[in-house]
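Chains as they are written, first to last, in our numbering: chain A, 234 to 372; chain B, 234 to 372; chain C, 234 to 372.
It should be emphasised that the hints constitute simulated quantities derived from the structure, not laboratory data. By construction, the Cβ of each residue, glycine as well, lies at the ideal position given by its N, Cα and C atoms. Please note that the accuracy of each hint is not assured.
Unchecked claim - One side of the interface only, derived from the structure: several residues of chain C facing chain A at Cβ under 7 Å: (1) E269; (2) N286; (3) H294; (4) V309; (5) M331; (6) V336.
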Amino acid sequence: MKSHREELWFHVPGRRAFINITPQVEAALAASGIREGLCLVNAMHITASVFINDDEPGLHHDYEAWLEHLAPHAPVDRYRHNRTGEDNGDAHLKRQVMGREVVVAVTEGRLDFGPWEQIFYGEFDGGRRKRVLVKIIGE
Amino acid sequence: MKSHREELWFHVPGRRAFINITPQVEAALAASGIREGLCLVNAMHITASVFINDDEPGLHHDYEAWLEHLAPHAPVDRYRHNRTGEDNGDAHLKRQVMGREVVVAVTEGRLDFGPWEQIFYGEFDGGRRKRVLVKIIGE
Amino acid sequence: MKSHREELWFHVPGRRAFINITPQVEAALAASGIREGLCLVNAMHITASVFINDDEPGLHHDYEAWLEHLAPHAPVDRYRHNRTGEDNGDAHLKRQVMGREVVVAVTEGRLDFGPWEQIFYGEFDGGRRKRVLVKIIGE
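Extracted from the complex, chain A is given alone in its bound form (with noise of 0.2 Å):
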């Protein structure tokens, strides 16, 4: 069995963003040699998701916007963990909703997809330098 881990780092400068990292999963399953096996990536950060879906701009503002009315940022007050000095109560909400990780099969050494499917970071508390890790094993 063979093995491969990959950070991915990011810093969105403002509080929200989805980025298509399936480019660099892929780079990095390159890399790894592994033709058949299973690939997680996941967020290494609790106010941030890595899921699949498709890569339309008006499909992200749905997102945006039902995640906020699920899970509104403001006021602040309204959540007991930002007691602690942060503001980001609604931001470890969204990532529930939207998810921590994805694993994917690796078949032919390729990643399994269906024709739409696309790897996203969800950022939902931004502002800093934060990671998402990528391991593969298989042969």
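With the hints as your guide, set chains B and C onto chain A.
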């Protein structure tokens, strides 16, 4: 390390449905000959889910009503994604709540389930043929 | 390839709780002797979750209030599932928001975590003994 790959195909005539796919995943596992490992089951489409829960029609009715409350289908112009000509903006949101994939342990040649766990395909934008990927790795 | 399996048992006296299970998962990993691989941790029951987030009591209060807002427990007859004689319809919905499972990378014999990642068991229908599965594969 062994690996095994299968696609399961579905055609839901209406817009939404939940289909128990546990027997098909068990058949894929039997065909694989894998005794110990991990089994990934994921929707290959971004308006569908794979999830694990109970095979109880009342619960499926509750999921349907709850998801429609969280992310209503109509009016379709509430979603910017639908400006592309689609009417499935809601399906992309519902799929995030229910999830893209499950990873199930394989132990002694069987899906290592608790007493009520069953795997479902959740369709949120039917009317055409769509796929689920089963990828099993192990020994 | 090596594999290792453990069950963790919990008995939450009340209806709901969040329990940090990171030490038990780390102990399972140490017992496995696996240095590189993937660690699956999943609820074996369909009214419970395993998820990764922050070990901060204010945040757990926020999750509790938010999930109760998204999928209220009462009145229990709001859920068709409860016509079966259960009163846990809400728990099946809450579990979908928080997720069934996490997959954690194993690197150099350790759970490959970001700075604040901790694994939690989320109970939404307590009052009886329930299980979490830990399955680790790798070398």
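In rising order, the numbers of the hints this structure does not comply with: 4
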